[in-house]
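One-letter residues, chain by chain:
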Amino acid sequence: MLRITGGKVYDPANGLDGVVKDICIADGRVVSDVEGGRSIDASGMIVFPGGVDIHTHVAGAALNFARGLTPEHLRKALPFVHTPERRAGLGGITPTTFATGYLYAGMGYTTVNEAAMPILSARHTHEELHDTPIVDKSCLVLMANNEIVLDLLEAGELERARHVVAWLICAAKAYGVKAVNPGGVVNWKFGKNASVLSEPVDGYSKVTPAKIISSLAAIIDDLGLPHPLHIHCNNLGVPGNVSTTIETMKALDGHRAHLAHLQFHAYGGDDWGSMRSEAATLAEYFNTHSNFTTDAGAILFGNAVTITADGPWQHVLYQLTGHKWGNLDVENETGCGIVPYVYKESRLVNAIQWAVGLELMLLIDDPWRVFLTTDHPNGACFWRYPELLHLLMNADFRRESLNKLPDEARKRIVLAELDREYTLYEVAIITSAGPARALGLGQKGHLGVGADADVAVYLEKPESDLMFEYPRYVIKGGEVVVEEGQIRAVANGRDFIVQPSFDDGIGEYLRPLFEKVYTMAFDNYPVEMERIPGVDVRPCIRP
Amino acid sequence: MITFTLKEPPPVPLEAEALSPDVMLPLANDAIRALPMYLGKRQVRVDDFFTVEGAASDELEIHGDARKVKWIGRGMTRGSIRVVGNAGMHLGAYMKGGAIDVSGNATDWVGAEMSGGLIRIRGNAGGQAGAAYRGSLSGMTDGTIIIDGTAGLETGMRMKRGIIAVGGLVKDFAGLQMKGGTLVMRGGAELRTGAWMSRGTIISLAPLKLLPTFSYASTYTPSFLRLYARHLGKLGFTLPYEEQDGVYRRYTGDAAVPGKGEILMWVRS
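Chains as they are written, first to last, in the working numbering: chain A, 1 to 543; chain B, 1 to 269.
Don't take every hint at face value.
Claimed, not checked - For the chain B half of the interface with chain A, some residues (derived, Cβ under 10 Å), not all of them: (1) Asp-47; (2) Ala-132; (3) Tyr-133; (4) Arg-134; (5) Gly-135; (6) Ser-136; (7) Leu-137.
Quick caveat, the hints were computed from the structure, so don't treat them as lab data.
Even glycine gets a Cβ: it sits at the ideal position worked out from N, Cα and C.
Kindly produce the complete structure, drawing on both the sequences and the hints.
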């Protein structure tokens, strides 16, 4: 039992905006009152629901590839030395599993959503997530380039496609579905991309990226998944891609969707020389269509590793940078590319990207629909979120930072005109309440009675970057896991999954198709439930 | 001065980042003796393996056969280390300043990714002197390494700036993927010298068997060599630069990259 007294509580889901209120915790949940137990004096502190990261890459084959591809960063990374409470590990731009849990918790985050998991490496991903301590986890399965699904869309068998999608979600033990560069990864296997939403994908006559997007979004709504289709739009990173992003939203035709890392999809211009910010255009459209949520995918200057299932884009990036490049082909499900990257303040394109991420966060009116992410580790490491918050909360600091950008970049962005400053209440929304709601995790992101007792307590300071960098206390599931900058307890978090229903015969439909093209035996394909310690099956009830 | 005398050679490599002037300077003798080192995965104290005389100095002297003592002078920024005997792997790695002098031999990764300072090996060195660690884009970015004896594989691999001068023979892949800087080889080198080099200068006083991706450009006496020769001469490493001594045949490459590096091969008059 635990009572947090005297702190200013920011709990947007329950309308609390800095109200001094006791938070009582018993049996891992927030309760109305407790008698006895430990009491934490939070006077002079602010109390937030634990952070929820809706889009990050913290486990799985691609991230391991990135770790292996960048030993030079790991050598310079913050070492976590083995202690009685803690396992050894490394921080840096691709932290190791245990360090990932410690770093998230050390920042006040208690739930993370791994945003890209091929089914073929789902077993490995869940095992890595199990080794990511403290935080609760979920993961999204990659589906928009799965050729078994695309074949059914080509044949017009939407009903069967629905059952196959449900079966695949159950096989992967996923929480939702991610669509990455729909059709583009299929085309990449033939050395091409899918840059026009209305053009058929290679090898198909009726399947277009637009059809994949609309069909998957409809199926997911139909299955009642708590989190809508999570889309990485076509033409990521390409100048002029704002039109593709808006077309993608139109193709969704009123269905729910979460648009991932929107910063990478909000560019105007015809080429790298004429690239400019189109955050205002995109935000204007987004603001008037309430069926979407998004996350910023902001970038910060410095080292990063780009990892994505968007193989063709990664090849472009490799050609642009001449840096190291990794490419994975995941049979007929998806692909993957990895390119280490350095975002430089002095580089025109990077300066525009930096501004676009902030502009989107400031121009999208409703904080319940835009969330703080850096698409870790693509735009920056997740442990740099406090820097982003400082930029969002302090217009003067933003202007100072703007002055360091190349003159040409400042002409192509609108950030200088934006005076908005995020309030603490809004910060609580974009870091916790909003993403929890978008993920359909009703017990997360708030501090009402019955909520999971995930709480972050920060010293209230005017220097907001420092404030969010070092929480004074982090409570996860009712247990104090971080206190005064030290990991105190290392509980294993839960792994949220959904199990949508499907026709019993769908397995036998898939078996011959599968055995014809896959290297893995069909019976070995689905991840066994007993492989996931801490599994928590969430109901398929569309919020 | 602080003197460290190895009591007995460690049975497995001893990781001794603590043996650095930056670490020792503010410490009393007791504190130095208590500094941690790692014998394999086991943490030990400095005085488990060394007798320590002196305190609070940035001049270190290490006596004994320290061929299994790794990371001596790692990241040091000042002062000096004199090793009377042999030194182990990663000697002066990430070094930023100061000087290291080894009377015997050193093994692999001498001055890897160093950015300043001077390392002198009176005997032979292992491979990857001044090189980039695996995965890193750049090796040494400044400073000087002088090896009086021979050097091993991949000497100067991906070096970006600075000078490496080797008195004896250098093994295969000298200057591999070199990006800049200067590699001087008085005793020549084995195969594939300068493979994938994009910039930088390799000077050999002995004939080399070059890769076919290096093209002959000219025969001349480079005027810049006078500066290098004087600098190296002060450090006791001679390099002919007068026309009456001989001329240099200049080859450019590696065209496989394609690169703009150069190999200067000396021809005695």
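These are the hints, each one checked on the structure:
Checking Asp-47/B against chain A by beta carbon gives a least distance of about 22 Å; that is not within 10 Å, so the hint is violated. Given the 10 Å rule on beta carbons, the hint for Ala-132/B holds: about 8 Å separates it from the nearest Cβ of chain A. Evaluation of the Tyr-133/B hint against chain A yields a held restraint, the C-beta minimum of about 7 Å falling below 10 Å. At a threshold of 10 Å, the smallest CB-CB gap from Arg-134/B to chain A is about 6 Å, leaving the interface hint in force.
With a least beta-carbon distance of about 4 Å to chain A, the hint placing Gly-135/B at the interface is held under the 10 Å criterion. Satisfaction of the interface hint for Ser-136/B is found here, the shortest Cβ-Cβ separation to chain A being roughly 4 Å, below the 10 Å cut-off. Hint status for Leu-137/B relative to chain A: holds, with the closest Cβ pair at about 7 Å, below 10 Å.
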